[in-house]
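Could you put together the complete structure from these sequences and hints?
2 protein chains.
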Amino acid sequence: MKTFRRKQVVKRLRILIALATVPLFLAACGNLSSSNMSSGSGSSKTGSTQLTGQSTDGDYEGVIKSGHYQTSKSRGVTNSQDSGNTYNLKSFESGMLNVSKKVFSTKKYVFQEGQYLSSSTVQNWLDRQSKSNDTGLNPKDNGSKSPDKRNPVYIQALEEQDYMTQKNNKLSLSGVTVGIAVNSVDYYKKEQYGATYETKISKAAGLAYAKKAANTVLQRMRQKSALKNVPIVIAIYRQASNDSLVGGTFMAYSQNKAGATTVKDWTALGQKNVVFPVESGQSAPNSNDASSFTNFKSQVENFFPNLSGVTAQAQYDGNTLQGMHVNINTQFYSQTEIISFTQYLQTAAQKYLPTGVPIDVKVSSTDGVQSYLSRASGEKKFASHVFNSY
Amino acid sequence: MKTFRRKQVVKRLRILIALATVPLFLAACGNLSSSNMSSGSGSSKTGSTQLTGQSTDGDYEGVIKSGHYQTSKSRGVTNSQDSGNTYNLKSFESGMLNVSKKVFSTKKYVFQEGQYLSSSTVQNWLDRQSKSNDTGLNPKDNGSKSPDKRNPVYIQALEEQDYMTQKNNKLSLSGVTVGIAVNSVDYYKKEQYGATYETKISKAAGLAYAKKAANTVLQRMRQKSALKNVPIVIAIYRQASNDSLVGGTFMAYSQNKAGATTVKDWTALGQKNVVFPVESGQSAPNSNDASSFTNFKSQVENFFPNLSGVTAQAQYDGNTLQGMHVNINTQFYSQTEIISFTQYLQTAAQKYLPTGVPIDVKVSSTDGVQSYLSRASGEKKFASHVFNSY
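For the protein sequence lines, the chains are A and H, in the order given.
Under the UniProt record's numbering, the first residue of the first sequence is numbered 1, with each subsequent residue one higher.
Under the UniProt record's numbering, the first residue of the second sequence is numbered 1, with each subsequent residue one higher.
Treat the hints loosely; a few may be bogus.
Simulated restraints on C-beta separations [what the hints assert, rightly or not]:
1. A/Thr355 with H/Lys107: 29 to 35 Å
2. H/Val275 with A/Thr86: 30 to 36 Å
3. A/Thr86 with H/Lys257: 52 to 58 Å
Pairs of lysine-lysine, DSSO-like flavour, derived with a Cα cap of 30 Å [stated by the list, open to error]:
4. H/Lys101 with H/Lys380
5. A/Lys380 with H/Lys108
6. A/Lys212 with A/Lys190
7. H/Lys140 with A/Lys381
Hint data in this document are derived by calculation from the structure and do not stem from the laboratory.
Predicted, not measured: the structure shown is a model, and the values here were computed from it.
Even for Gly, the Cβ is constructed at its ideal location relative to N, Cα and C.
Set out below in structure tokens:
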């Protein structure tokens, strides 16, 4: 079933991994600092390599080969996780980048989509272990359909990210991060097209299972000659359930030195995601943030006669707020109303929302995004943009 | 039919014109420069007046009364135009702001949504003249259903914008702009729920009709005591047809001095909207812009294995480009792909797109907007933002 669903998704996303080989006039994009390099010792066969350019110091540059973005070798496979909760997908990938930044500095390393684990490899790993698939990282099907007796699918997604360094005008692999996403709830069907049932997986059980799998993954990766001698970071992510209004979080990561074949130790991560306004009976790690948000929300909701919702996703590290994504849904408004509203939000956000962390505010209507504001962690004022058309 | 449709729209948009009277703690938003004023000679009954704050010098600040945005008295009515081509709506309103900026400086004037023409007044004006509605600005129904013999509905929308100045801590009306939107195509039905037919209205015929109507509108406005002695700008807009990928344009405007009851002269506007890539057989006012866009498009389309569309709306004044809204539609991509793509766009947009005019680039997938870039006219680099979630 799982396999069936995953394959459908893969098909739907059309993995066009093979990069077209049409050579392009690359010098055309030469405005980038350090962005034109030959790939390897003068080999013009593979075409030249470029970098995407860096928007801010906090972002990695990406790799372009022969004018095409170097897409992941297992592109689409890890996207299987978007079946239920679309937040998980963005959260898993950008969370992997954040974990990687702890180890691979954005000043020194260049980001490349995973090139070493192929689509079929990752698919087999994500499947259950079976006679036909002895590399499956998920447990054998024990035949039970009972939520508590069956073996759940623990590992829902696995993704590779490569970190390159530049030397003598050549990019070489200098680090790899592998993300392993474990389910908090395994959704399954007893019969095709039937009702969906759930097996809950505790945080502890998921983490323990993923740690064991991480060891296996590390050993297998070391068997590839290109990966034998690079540092490999493995990060474990816990997926949010399908009804969650925010994605999952990373629970732990391990740094494995070049050549290491067993994971020695894990660094625990105290990430927690919260949705504001906090549901009754629940609480935010920091009550000041919750009341800041409530003040903001009530100010903003009074602006128009009708405003359908002000919510936010907040991420914490322990009790410390890391950032906030605010979403405002409006009924239809005129362009002048959106302009005025956005100006007002600029003041209200600065006045009420927590300081010192990155925050963005997105204003959407049924016609899509109307305007948006953002402030980086070090800034005081929110920058804003109102979407317009001619 | 027209009336029926318009009324439905009005209903759908729920005109909640009456402002709630709950007084709010306004000092809470006092961070604005010049943003707290009492409205009038110490009258605390009506509550205090605030401004929204100004994002840039090029934008007007808006008026907030008692914590609520001062919405238009005819809110929703002019929205009837969104029935067919949603671009018209934004284009009409932001175009009115642009025409107003020629007359009422954003440094001196504050924007207020129209407060003098009520919803029912505007509705009657937009209807056909008839026994029950002698104020209708559209011609009588002559009974014909033939596209060429019937009297078309010329005027599709009418909107008022107020421009205030501040003196002794008090805002007072110092100018009004009225936009009159004429159809290029009048869509009508011969029977309810029947097929839609079209009466085409030439640019010249639409302009002539609107100029006559403008005179009537000016006279009627002067009958209101508050509008007797303020400058009134009347601007004539030509709606794009429903199948257009860009909105309409303003054809002309007139500046009428305080007290003037007839429109003396009109200033023609050479606005033209173009969609890039230009359709075969058509041409852009400036072929350099067209080839710039084509270069940009082909560079960008090579980035990913599949990219569904790169288009742009461009606005010209005569042969001079005024700005561009670029839209890129992607298939689903992963978050890291969107980050890299946006970095790449930052370079490619700077390299290929025309300089010296405001440009923004919006990247959307079926999940909505993924990232966006923008550059003001005086800037060299594009600022970018990738939408993310936790």
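Consistency of the hints with the structure:
no.: 1; hint: A/Thr355 with H/Lys107: 29 to 35 Å; in the structure: holds (30 Å)
no.: 2; hint: H/Val275 with A/Thr86: 30 to 36 Å; in the structure: holds (31 Å)
no.: 3; hint: A/Thr86 with H/Lys257: 52 to 58 Å; in the structure: holds (57 Å)
no.: 4; hint: H/Lys101 with H/Lys380; in the structure: holds (25 Å)
no.: 5; hint: A/Lys380 with H/Lys108; in the structure: holds (26 Å)
no.: 6; hint: A/Lys212 with A/Lys190; in the structure: holds (28 Å)
no.: 7; hint: H/Lys140 with A/Lys381; in the structure: violated (54 Å)
Going through the hint list in order, the structure does not satisfy hint 7, though it satisfies all others.
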